[in-house]
Amino acid sequence: MKQTIRTLLAKHGNLPVAIDSVGDGADLYDAGLSSFASVQVMLALEEEFDIEFPEQFLNRKSFSSVEAIEAALSEILKEQAA
Amino acid sequence: MTAASKITALGLTERAKRAAKIAAGFADKVDIEGRFPSEGMEALKAERLMGIMIRPEFGGEGVNLTEIADICAILGQACAATAMTYAMHQIQIASLADYAVGSSWHEAFQKRICDEQLLIASATSEAGIGGNLRNSICAIEVDGETARLTKDATVISYGAHADAIMVTSRRHPDAAHSDQVATVFLKDQYTLEQTSVWDTLGMRGTCSDGYILKAEAPGEQILPRPFAEIAAQSMLAVSHLLWGALWYGIAADALARAQSFVKGAARKSPGQMPPGALRLAEASSLLQLVKANVVAGLKQFDTCKGDSDALNAMSFSVAMNNVKIGTSQTILTIINHCMLICGIAGYKNGTPFSLGRHLRDAHSAQLMISNDRILGNTSTMLLVNKQDTSLLG
Numbered sequence: 001m002k003q004t005i006r007t008l009l010a011k012h013g014n015l016p017v018a019i020d021s022v023g024d025g026a027d028l029y030d031a032g033l034s035s036f037a038s039v040q041v042m043l044a045l046e047e048e049f050d051i052e053f054p055e056q057f058l059n060r061k062s063f064s065s066v067e068a069i070e071a072a073l074s075e076i077l078k079e080q081a082a
Numbered sequence: 001m002t003a004a005s006k007i008t009a010l011g012l013t014e015r016a017k018r019a020a021k022i023a024a025g026f027a028d029k030v031d032i033e034g035r036f037p038s039e040g041m042e043a044l045k046a047e048r049l050m051g052i053m054i055r056p057e058f059g060g061e062g063v064n065l066t067e068i069a070d071i072c073a074i075l076g077q078a079c080a081a082t083a084m085t086y087a088m089h090q091i092q093i094a095s096l097a098d099y100a101v102g103s104s105w106h107e108a109f110q111k112r113i114c115d116e117q118l119l120i121a122s123a124t125s126e127a128g129i130g131g132n133l134r135n136s137i138c139a140i141e142v143d144g145e146t147a148r149l150t151k152d153a154t155v156i157s158y159g160a161h162a163d164a165i166m167v168t169s170r171r172h173p174d175a176a177h178s179d180q181v182a183t184v185f186l187k188d189q190y191t192l193e194q195t196s197v198w199d200t201l202g203m204r205g206t207c208s209d210g211y212i213l214k215a216e217a218p219g220e221q222i223l224p225r226p227f228a229e230i231a232a233q234s235m236l237a238v239s240h241l242l243w244g245a246l247w248y249g250i251a252a253d254a255l256a257r258a259q260s261f262v263k264g265a266a267r268k269s270p271g272q273m274p275p276g277a278l279r280l281a282e283a284s285s286l287l288q289l290v291k292a293n294v295v296a297g298l299k300q301f302d303t304c305k306g307d308s309d310a311l312n313a314m315s316f317s318v319a320m321n322n323v324k325i326g327t328s329q330t331i332l333t334i335i336n337h338c339m340l341i342c343g344i345a346g347y348k349n350g351t352p353f354s355l356g357r358h359l360r361d362a363h364s365a366q367l368m369i370s371n372d373r374i375l376g377n378t379s380t381m382l383l384v385n386k387q388d389t390s391l392l393g
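As given, the protein sequences belong to chains A and B, one line each in that order.
Using full-length UniProt numbering, the first residue of the first sequence is number 1, and each one after it goes up by one.
Using full-length UniProt numbering, the first residue of the second sequence is number 1, and each one after it goes up by one.
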């Protein structure tokens with residue numbers, strides 16, 4: 001899942017640095033992720049995983065790092081399966 | 001009882017109204033001359049209203065944002081430049097009070113703000129960033145214990161009159177444009193070389209000239225929390241709410257003038273409804289909408305305060321953006337209505353019904369952080385965020 005997230009971040013994140021240079025736990029906003037780009041990444045993830053981000057995940061924290069995105073996605077997918 | 005404690009024993013509204021009365025007496029002069037509203041600001045200091053949002057343990061009165069907004073609305077009815085200067089100062093205070101906790105330098109600084117009634121300005125805009133507060137080109141350089149910064153600030157409102165300036169920059173010379181910190185520099189720690197003159201249609205008294213700011217101070221004056229957090233959780237919301245409140249004040253004073261015009265006309269022709277009366281009723285309804293918008297926003301801010309998840313939620317940003325868009329657009333409609341009601345007496349300067357200053361000051365509302373930029377941000381969020389359709393939520 002991390003690799004998919006990284007691929008989508010590379011495509012839609014519009015980061016000033018290569019995504020490979022950003023650690024899984026590193027702050028994506030500090031790395032230059034803009035709010036606009038984070039929404040674009042979110043849309044791409046919704047498309048990729050056929051989900052919709054519920055209200056409680058629409059905040060900065062859910063998108064602050066690769067790990068945070070993975071945690072949010074896992075929870076959404078788990079709830080969807082239930 | 002000291003003089004200061006005698007003043008603070010009075011209600012905030014009473015103190016604000018006394019300051020507003022002085023500010024009102026100079027509003028036209030401040031506007032015509034495009035000068036700093038020094039009488040109004042001195043009156044606010046005399047009423048000891050500069051540091052009231054600061055916690056009591058650091059010398060303040062711990063008042064909440066709603067009370068500050070009420071003061072802004074009172075001042076907005078008197079002199080928009082005084083109101084805007086006060087609002088911008090309080091935006092900096094809100095950031096300090098909530099996001100510099102635990103830093104001994106900033107805590108001592110808050111004590112000084114209260115004791116000495118200091119005025120704090122901000123330098124966020126910079127040549128080349130396209131008006132985006134969350135973007136910096138300049139970077140602070142920390143060398144041992146000293147921090148140095150040079151910023152080509154396109155606007156520093158009342159910069160030449162402030163006692164300290166909070167300046168945004170990149171965290172270090174290799175940081176991304178959005179990886180920012182805010183640093184407080186005291187008046188004797190910076191120089192300002194003026195690069196542009198604030199000669200505008202309205203809000204002329206905020207003296208928002210451009211400067212090259214060169215500053216040097218101990219590194220401990222850098223705020224401990226990232227600016228991204230301060231901007232998202234406090235600065236943007238507080239700006240929209242306090243501006244909304246003072247814009248409401250401008251429109252409220254315009255409506256009061258229009259109402260007294262209609263009343264005068266009604267007295268002259270008893271039994272006949274003056275032609276502007278219906279329009280006054282329409283404007284009154286619009287003014288109530290603006291008030292409701294600001295009050296609902298303040299209530300939401302108050303509910304979310306201290307809860308970083310709630311303050312970081314997209315729905316919160318959408319709501320605060322909507323307060324700004326709604327108020328800034330509606331006040332122009334209200335003032336235009338008032339102008340139609342008062343006719344030539346409103347169009348002319350120097351009558352009791354003059355509305356030129358109100359109209360010009362109010363036009364800044366859609367430009368201070370451009371409405372188009374805000375609508376752009378909101379529309380991005382609405383790609384994933386659903387509008388809150390509950391009435392009370």
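For the record, the hints were derived by calculation from the structure and aren't laboratory data.
Every residue gets a Cβ at the ideal spot worked out from N, C-alpha and C, and that includes glycine.
Any given hint might turn out to be false.
Claimed, not checked - Computed Cβ-Cβ distance ranges for the label pairs, DEER-style:
#1 K61(A) x G25(B): 44 to 52 Å
#2 N132(B) x E79(A): 31 to 39 Å
#3 H177(B) x K61(A): 48 to 56 Å
#4 F49(A) x A108(B): 19 to 27 Å
#5 L382(B) x F49(A): 46 to 54 Å
#6 S5(B) x E52(A): 36 to 44 Å
#7 E42(B) x K61(A): 42 to 50 Å
#8 N14(A) x S308(B): 20 to 28 Å
#9 A26(A) x I7(B): 49 to 57 Å
#10 S308(B) x A26(A): 16 to 24 Å
#11 K61(A) x L382(B): 13 to 21 Å
#12 D50(A) x G306(B): 34 to 42 Å
#13 K45(B) x E52(A): 18 to 26 Å
To be verified - Covered stretches of chain A (chain B as the covering partner; in silico rule of three or more C-beta atoms under 8 Å from a C-beta of chain B):
#14 30 to 44
#15 57 to 69
Claimed, not checked - Heads up, simulated BS3-like pairs for lysine-lysine below, C-alpha to C-alpha not over 25 Å straight-line:
#16 K61(A) x K386(B)
#17 K305(B) x K291(B)
#18 K78(A) x K386(B)
#19 K61(A) x K299(B)
#20 K214(B) x K187(B)
#21 K61(A) x K305(B)
Right, here's what the structure says about each hint:
Range check, K61(A) to G25(B): Cβ separation about 49 Å, and the 44 to 52 Å hint holds. A beta carbon spacing of about 36 Å between N132(B) and E79(A) agrees with the range 31 to 39 Å that was offered as a hint. Our hint of 48 to 56 Å for H177(B) and K61(A) is violated, since their Cβ atoms are close to 21 Å apart. Taken as a hint, the range 19 to 27 Å is violated for the pair F49(A) and A108(B), whose Cβ atoms sit roughly 50 Å apart.
For L382(B) paired with F49(A), a C-beta distance near 21 Å fails the hint of 46 to 54 Å. Range check, S5(B) to E52(A): about 57 Å between beta-carbon atoms, so the 36 to 44 Å window is missed. Distance hint check: the CB atoms of E42(B) and K61(A) are about 44 Å apart, consistent with the given range 42 to 50 Å. Separation of N14(A) from S308(B) is about 25 Å and conforms to the stated range, judged on CB atoms against 20 to 28 Å.
Taking the beta carbon of each, A26(A) and I7(B) are about 50 Å apart, inside 49 to 57 Å as hinted. Checking the proposed 16 to 24 Å range against S308(B) and A26(A) shows it holds: the Cβ atoms sit about 19 Å from each other. At roughly 20 Å, the beta carbons of K61(A) and L382(B) sit within the given window of 13 to 21 Å. Distance hint check for D50(A) and G306(B): the Cβ-Cβ separation is about 37 Å, which falls inside the suggested range of 34 to 42 Å.
Hint check: K45(B) to E52(A), Cβ distance near 52 Å, so the stated range 18 to 26 Å is violated. Restraint check on the stretch 30 to 44 of chain A versus chain B: 10 residues with Cβ-Cβ distances below 8 Å, three needed, restraint holds. For the stretch 57 to 69 of chain A, the assignment as covered by chain B holds, since 4 residues bring a beta-carbon within under 8 Å of that chain's beta-carbons and 3 suffice. With a C-alpha separation of about 18 Å, the suggested pairing of K61(A) with K386(B) holds against the 25 Å cut-off.
A C-alpha spacing of about 21 Å is found between K305(B) and K291(B), which places the hinted pair at or below 25 Å, so the restraint holds. Straight-line distance between C-alpha atoms of K78(A) and K386(B) comes to about 22 Å, which keeps the hinted pair within the 25 Å bound. For the proposed pair K61(A) and K299(B), the alpha carbon gap of about 23 Å is at most 25 Å, so the pair holds. Note on K214(B) and K187(B): the hinted pairing holds, with a Cα-Cα distance of about 11 Å set against a maximum of 25 Å.
A threshold of 25 Å between alpha carbons decides the hint, and for K61(A) with K305(B) the separation of about 17 Å falls inside it, so the pair holds.
Checked against the numbered hints above, the structure violates hints 3, 4, 5, 6 and 13; every other hint is satisfied.
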